[in-house]
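Those letters in the sequence shown? Residues 11 to 969, per my numbering, in order.
In case anyone wonders, no lab produced these hints; they're calculated from the structure.
The hints are all genuine.
The calculated lysine-lysine pairs, modelled on DSSO-like cross-linking and capped at a C-alpha distance of 30 Å, are:
1. Lys177 to Lys748
2. Lys127 to Lys439
3. Lys453 to Lys173
4. Lys218 to Lys295
For each label pair, taking beta carbons as the anchor points, the in silico distance ranges come out as:
5. Asp134 to Arg285: 26 to 34 Å
6. Glu876 to Glu826: 33 to 41 Å
7. Gln192 to Tyr509: 42 to 50 Å
8. Arg776 to Thr236: 53 to 61 Å
As the structure is a prediction and not an experimental result, all values here were calculated from the model.
For glycine and all other residues, C-beta sits at the position ideal for the given N, C-alpha and C.
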Amino acid sequence: MKTLTAILWTFAACAATGLSADGGAVFSYDFENGADVRRCPELLLKDVEAAIVAPGAGGSGHALRLRNTKPGRYAQVTIKRPFPLQKNLVLSFDHREEVEGGEASYLGVLFYDTAGKSWFNSGDFGPKWRHAEIVLGEMRSSNGGVLALGKVMERINLYGRSKGDTKAVMTVWLDNITLRVQPPASRQSDEVRTSTSNPPFFNWPRAKGETKLQYSPDPAFPDAKTTTVSVTQNFHTPPKPLGPGLWHWRVWTSSELTEGWSEVRRVNIVPEAHRFITEPVPVTKIAASARPRVIDLAAARKEHAGKSAAALVKSAEKLHRSGVPSDPPRYAPGNPDWPTWIDWYGKVHGGITSRTGRKLQQIAQLAALTCDPQVVAWAKEMALAAAVWNPKGGSAMEVGDIGAQHLLRGLSWCYDALHDDLTADERAKLRAVIVERAEQFWKRLNPFRSNEFNNHAWLQTLALAEAGFVLIGEHDEAAAWAEFSRQLYLGRFLCCLGYQGDNNEGIGYWGYGLLFVIDYGDLMRHVCGIDLFQHPWLNQTARFPMYCAPPNSWAVSFADTAKPNHSVRGPAEQRQVRDLAVRTRDPYALWYAGATNAVDGLAPKPPTDLPQSVHYRHIGWVIFNTSLADGMENSTFAMRSGPFYAGHQHDDQNGFVIHAYGEKLAIDSGYYDWWGSPHFKGYSTLTRAHNAIIVNGKDQAHMQKGADGRIGAYFDSPAYGYTVGDASNPAVYLGQLKRFDRRALFIKPGFVVIHDLLQSSAAPTRYDWLLHAVAPIETDAASQSFALTSGKAALRGRFLAPSKLTMTVTKGYPVEPVDGYSTRPVPPEKYAHEWTLTTTRTAPAENEDIVTAMQIRRLAPTTDPEARMESLKAANAFGIRIAVGDDTHIILFRQRDAKNTMSGDELESDGDAAAIRFDTQSGTVRSAFATGATRLRFRGKELFRNATPTDWSLPAERK
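Given only the sequences and the hints, what does the whole structure look like? Please build it.
If you want it as structure tokens, here you go:
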């Protein structure tokens with residue numbers, strides 16, 4: 011290794027040529043001999059403490075350590091050493107990172123030329139040493155920079171980046187920083203992408219020149235097991251499914267800046283991956299098709315059925331009178347019209363850009379539908395007025411993608427509808443604006459680095475696809491936009507959300523995202539004859555709202571949902587459900603959407619013969635319902651423990667909600683006022699806003715990839731629902747816990763018994779058990795019980811273990827919500843009052859078992875009697891007895907590490923949990939349950955036996 015002194019000599023000696031003495035390295039830093047970093051004037055340091063420390067990469071030698079001196083967004087070093095671009099120029103380095111007092115996002119690399127244009131790359135932020143290699147010729151610019159041989163790059167920034175606008179203290183170690191001319195090494199990347207689509211979607215950075223893709227199950231790429239494809243674009247989906255498992259892939263490029271194989275990337279195709287394949291976009295057919303292409307006139311006539319031509323013209327006149335505002339500005343601090351960014355976002359991005367785009371779509375449709383000369387003239391005037399807006403100004407995609415996509419869609423629809431009525435100059439002007447705006451989305455989406463689980467990418471791709479269809483035959487890249495969108499939807503979007511029609515971001519964003527997914531499905535069916543509604547996820551997803559929010563029931567809301575989050579009442583999102591029902595021919599969804607008569611030959615059908623409960627395996631949601639048909643008769647217990655996928659999810663592993671008889675009992679607290687608001691960051695998304703457990707006063711990891719829970723067990727029958735949430739993953743509680751299992755038994759419809767098994771990583775530990783409600787919560791310290799009444803329902807609970815607890819009730823929010831996209835307080839008429847019960851053991855403990863029995867009481871039209879809930883003496887188990895009316899329930903939860911038969915009050919089982927309901931006087935068994943059991947006995951009578959452990963119930967399990 012060279013010493014730092016030698017490195018400085020190299021810089022001085024080779025300044026004229028930009029090459030080191032060995033003829034290959036432009037520069038190289040290995041940080042040996044412990045030299046003072048200040049002796050390197052090319053390394054510019056600002057707001058960081060820098061030192062050369064041991065060990066370096068590989069556990070030996072030295073490395074450069076950077077640490078920002080106070081919480082900030084960056085921990086950065088700048089290498090200011092101009093150099094000209096050469097073919098196969100590669101920057102390589104080793105790095106690792108740590109963060110404290112905040113959250114980190116990535117390790118970033120920025121190259122700048124002498125004109126201020128920049129090129130970006132990034133890698134994961136993490137504590138283990140990793141090697142990075144960046145081929146400069148494959149970089150892309152976010153601000154219009156163009157790479158070419160001989161272009162002089164002025165500096166390179168290497169930096170740790172905090173998450174979003176948050177600040178953190180970050181420490182970054184860098185070693186072996188080398189810029190060298192070398193053929194790209196076909197080494198293996200650390201990244202493994204999981205594909206829930208088979209065939210998978212391959213996508214890589216764009217490059218000019220010859221390109222070949224290879225994929226193989228063997229990392230050595232032997233000819234017999236390797237598929238090689240010559241491609242003209244930087245994306246590819248194989249024509250048929252591949253074998254499940256790990257596949258290796260790489261790309262050969264040959265251009266003036268690069269030549270050679272890329273690093274080897276890996277994709278793991280899960281066995282259950284969706285196998286849904288369509289034909290490519292029929293480019294030739296579309297190029298020859300009549301206008302309009304993307305506006306479905308048959309659907310438009312159906313939408314406006316019953317309206318006269320005069321009425322349609324009048325609607326267009328109203329749109330024209332509203333006009334197109336002047337070019338919206340970007341946000342600028344100090345403007346009194348929008349004192350904060352969120353005020354600008356609501357008033358300008360939403361109120362001007364988004365609204366204008368929607369108006370353009372509406373008047374374009376009316377122009378195509380009526381062919382009225384006046385409507386055509388109005389539409390043309392509005393489109394050309396919007397076309398003068400600066401694509402890089404306040405309506406640019408980078409300052410607000412939602413508004414930008416609405417505007418792009420509106421311009422595309424106008425171009426499509428008015429195509430033959432525009433002059434050549436008008437077409438050229440409008441086309442140029444569409445191209446420039448579409449290219450903003452094209453650069454953002456391709457290669458795809460965004461989050462496939464989030465609806466922003468879906469709506470961006472819809473806008474790009476429409477622009478592509480409209481401009482096929484008139485713009486060279488339009489066909490690529492359209493085909494890329496098809497492959498992206500199939501290979502990343504529709505497949506990623508699960509296998510049962512579920513959605514990780516909850517019912518609110520299910521509804522919002524489906525607006526764009528349905529539009530894309532309609533677009534593909536109309537323009538290409540491709541029916542995406544037969545995709546397994548899209549074909550099932552209309553039932554998601556039905557399970558989350560049966561009619562007259564409050565919605566299960568494990569995500570950003572509404573204002574407040576618990577305010578959605580079923581039936582929810584009926585427009586999208588109806589659209590999907592008709593397209594997928596789902597009679598149950600059509601019934602949920604409110605249809606009473608047949609629609610397009612499909613008759614609605616109530617869901618009385620469907621399973622009333624569901625376990626959404628992919629997202630880790632369990633929802634037990636007693637009636638999907640009528641929320642006034644329904645009792646719901648739901649729990650969430652699953653993966654973190656996207657930013658509208660909350661830190662609510664093992665959290666639950668309870669609704670019953672049209673009322674809210676145990677809620678998800680807080681508002682979704684806006685993403686990133688003080689209330690959002692300081693309360694509503696955190697564990698403390700949910701019916702969960704906080705540890706040592708701290709919430710779960712905040713929106714952290716890998717901080718995943720899981721559903722460890724699920725069983726449903728007419729009388730019982732049983733599930734286990736497992737939040738034992740150390741990442742969930744930031745290393746504080748070794749174990750957190752939440753066992754929940756729903757005795758339908760009136761009781762929920764929960765056994766929380768907790769084990770800390772270091773004793774002693776404080777556990778706070780939380781419950782939130784929209785009604786005052788009363789407590790009784792002597793009996794360790796609580797009660798609340800919410801309208802026509804009530805919830806009573808008692809803590810049966812441990813024996814010494816404190817209970818406190820607070821009202822309100824620690825951080826107040828605001829009124830939507832603003833900084834205004836929520837007005838009194840919209841404000842939801844909430845109460846929180848916090849239950850804590852009087853003395854911290856390493857191991858804790860919290861056993862809670864809750865009664866769900868109906869208060870009208872008749873009043874359920876209050877139950878007596880108490881502990882009972884049991885062997886190898888926590889025993890619970892519930893007596894109500896002429897019923898007695900016995901419940902056993904196995905104690906941690908107990909191996910022998912559980913028994914209590916003449917109930918015996920070798921399972922993990924067991925329960926029985928019997929007539930108090932006669933002893934007649936009315937229902938029974940066991941999980942993970944081979945036998946169940948009551949009062950000496952064997953009720954169940956099986957050769958291997960299984961789940962069992964009386965009455966039988968629902969199929």
